[in-house]
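Modelling step: build the complete structure from the supplied sequences, incorporating the hints.
Here are the chains, one letter per residue:
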Amino acid sequence: MYYNKALFQAAGIASPPTTWSELVADGKKLTHGSQYGLAVEGASIPENIHNVFILSKQMGGSFFDSAGNPTFTTPQNVAAVQQWVNFMGTDHIVNPGDAEYDQNQSLSDFAKGKDAMIMWQAAGTALQADGMAKDAYGTAPVPVESGTPSSSNPDSMVAGINMAVFKDSKNQAAALKFVNFMTSQAESINRNGEYGSIPPLTAALQASPAANQEQTVLRNVLSSSAEAMPQVAKESQFETEVGTAVKNLMADAASGKPVSAATVKAQLATAQQSMNG
Amino acid sequence: MTVGIHRDAPPAGSDAGRGRTSAPQTRSSRFLRRIRKGGLPYLFLLPALLLELLVHFIPMAFGILISFKQLTLFFIRNWTGAPWAGWANYRVALNFHEAVGSALLHSFLVTCSFTVLAVGLSWLFGTTAAILTQDTFRGRGTLRTIFLTPFALPVYASVIIWSFMFQYNNGLVNELLHNVLGITSRPSFWLIGHNSFFALVIISIWRNWPFAFLCVMAGLQGIPRDLYEASAIDGASIWQQIRKITMPSLRSVNQVLILVLFLWTFNDFTTPFVLFGTSAPSPADVISIHIYNASFINWNFGEGSAMSVLMLIFLLLVTAAYLIGTSRRRNNA
Chain A
-5 MYYNKALFQA
5 AGIASPPTTW
15 SELVADGKKL
25 THGSQYGLAV
35 EGASIPENIH
45 NVFILSKQMG
55 GSFFDSAGNP
65 TFTTPQNVAA
75 VQQWVNFMGT
85 DHIVNPGDAE
95 YDQNQSLSDF
105 AKGKDAMIMW
115 QAAGTALQAD
125 GMAKDAYGTA
135 PVPVESGTPS
145 SSNPDSMVAG
155 INMAVFKDSK
165 NQAAALKFVN
175 FMTSQAESIN
185 RNGEYGSIPP
195 LTAALQASPA
205 ANQEQTVLRN
215 VLSSSAEAMP
225 QVAKESQFET
235 EVGTAVKNLM
245 ADAASGKPVS
255 AATVKAQLAT
265 AQQSMNG
Chain B
27 MTVGIHRDAP
37 PAGSDAGRGR
47 TSAPQTRSSR
57 FLRRIRKGGL
67 PYLFLLPALL
77 LELLVHFIPM
87 AFGILISFKQ
97 LTLFFIRNWT
107 GAPWAGWANY
117 RVALNFHEAV
127 GSALLHSFLV
137 TCSFTVLAVG
147 LSWLFGTTAA
157 ILTQDTFRGR
167 GTLRTIFLTP
177 FALPVYASVI
187 IWSFMFQYNN
197 GLVNELLHNV
207 LGITSRPSFW
217 LIGHNSFFAL
227 VIISIWRNWP
237 FAFLCVMAGL
247 QGIPRDLYEA
257 SAIDGASIWQ
267 QIRKITMPSL
277 RSVNQVLILV
287 LFLWTFNDFT
297 TPFVLFGTSA
307 PSPADVISIH
317 IYNASFINWN
327 FGEGSAMSVL
337 MLIFLLLVTA
347 AYLIGTSRRR
357 NNA
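Protein chains in written order, with my numbering: chain A, -5 to 271; chain B, 27 to 359.
Since the hints were derived computationally from the structure, they do not count as laboratory data.
No experiment lies behind these values; they were computed from the predicted model shown.
Please note that a few of the clues may not be correct.
As the list claims (entries may be wrong) - Just a few of them, taken from the derived set where beta-carbon distance is under 7 Å, the chain B residues facing chain A:
1. F122
2. A125
3. S308
Said to hold, decoys possible - Computed footprint of chain B on chain A, listed as stretches where at least three residues anywhere in the stretch have a Cβ under 8 Å from a Cβ of chain B:
4. 84 to 98
5. 159 to 165
6. 226 to 234
All residues carry an ideal CB built from backbone N, CA and C; glycine is no exception.
Next up, the structure:
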């Protein structure tokens, strides 16, 4: 999570929130006039799904059972989606306009000081590109329900993109060479230096020490309290279906419609049916 | 291709010439004689026909074939190895009690209302503008050119600009409606929620009415001025002139125009895709985006193809009914 130091200071908040109730309370203090406490990328499927996944994990929920079958409508998942959407709907700490963002507009709003907090991974370089000074923002772990973040009380998620070489690829040797290059230590350090993210290779991680406070926080979270996204074959479909459901609910919240547990459950049930269909 | 057949033709032709007097005509010689008698133009058309097959019918046949396969992400490497699904994809798509089917039905109804509104209003605006600019006046050429610009702009660029204008926080539309004119009590959402449907209709009309304008304008050139003059002498009002002279004379233009607009609008992919991205808000979930989602986001090409085939059948039926209906009326008239 990234927070705007000057806005926190102006609101008299000494340190970033560590629980969700603190986040909502701080968010309310930070919301006034055209300024809002929290920025979200409301129409973005990946951002919605990542946050809902973490919230559900913190409540002990899961979107798939051990056999890999979808369990979208469990009380924990419903509560997680409702909590996420209601930061805008009932807590009013998110600008309703965020509900239509899907091209990283929330990052640029945060960088411009329109919002005080944003939950994002490795946003530093993007924020600086949007003109925010390096020392204007602080980095903190994403809040949890209660207690401290740990592997059983995760506050972040790990996801990635697979690289695959087709069995009947014409240039298999070259393709494999490319995969080797992309996953090599040197390239890993190089690329992650460029984007400000964390090298996935342990050796690369050790070879390139954290460059700043942001990096230190991100590395700690990754090594101690991040949970992997569901490792099922239909993962991409899960992201699309549930992400779209959350996006629609976010649109409801933005236009002032109440988002009840029943509404959320109905949307998640439709998403689950589409997974099986 | 033509050359090869052409080279074969002359000797065969002389055979046929002989056949007239002596030998019994073989099937091939009769065929070749027919070509010689007047079929040559068809031979010249053959390459075009083959290309048409290649470009249009083979992909269509492929699509139909895939719709009977269970082609999911597990089989895209070697799609011929995908198991046959029989009618399963169609059953899923047409089972309106389940999520996929009911979503498809919803999307179909959205597309129908979107098409009717967008085509109707595009036609109305186009025709009105064409009739109003029928008489010469200063600046008519300039005005006509301005009218045609939306049609000349690249779709992507114009839709992106519209999407900026429809933004909630700092879009031009909300700025005008809410801040300047004060019509709405609070800013409205245009890209999500119910208004997204109207945003799509507005952009579609904006893009398509110049085409209607162009066609009707061309059609109006063919109506003799004497008709208007004669009717004016008989005391016909402008409204009567439009109803009794202009509209009947435009019938054949309108027949084609409305059909083309219908097919374009119903199938339009670029506008909703640029406006909403891969997941359109449910009130504006038009069928082209819906099928794209089934195919490329959920990686279920079988189901996506089955939906496409259903849409194709629907469009074929509507087009056939429309053409038969409109031609019969014209013959009776």
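Exercise for review: Sort out which numbered hints this structure fails and list those numbers smallest first.
Suggested key: Hint 1 alone not satisfied by this model.
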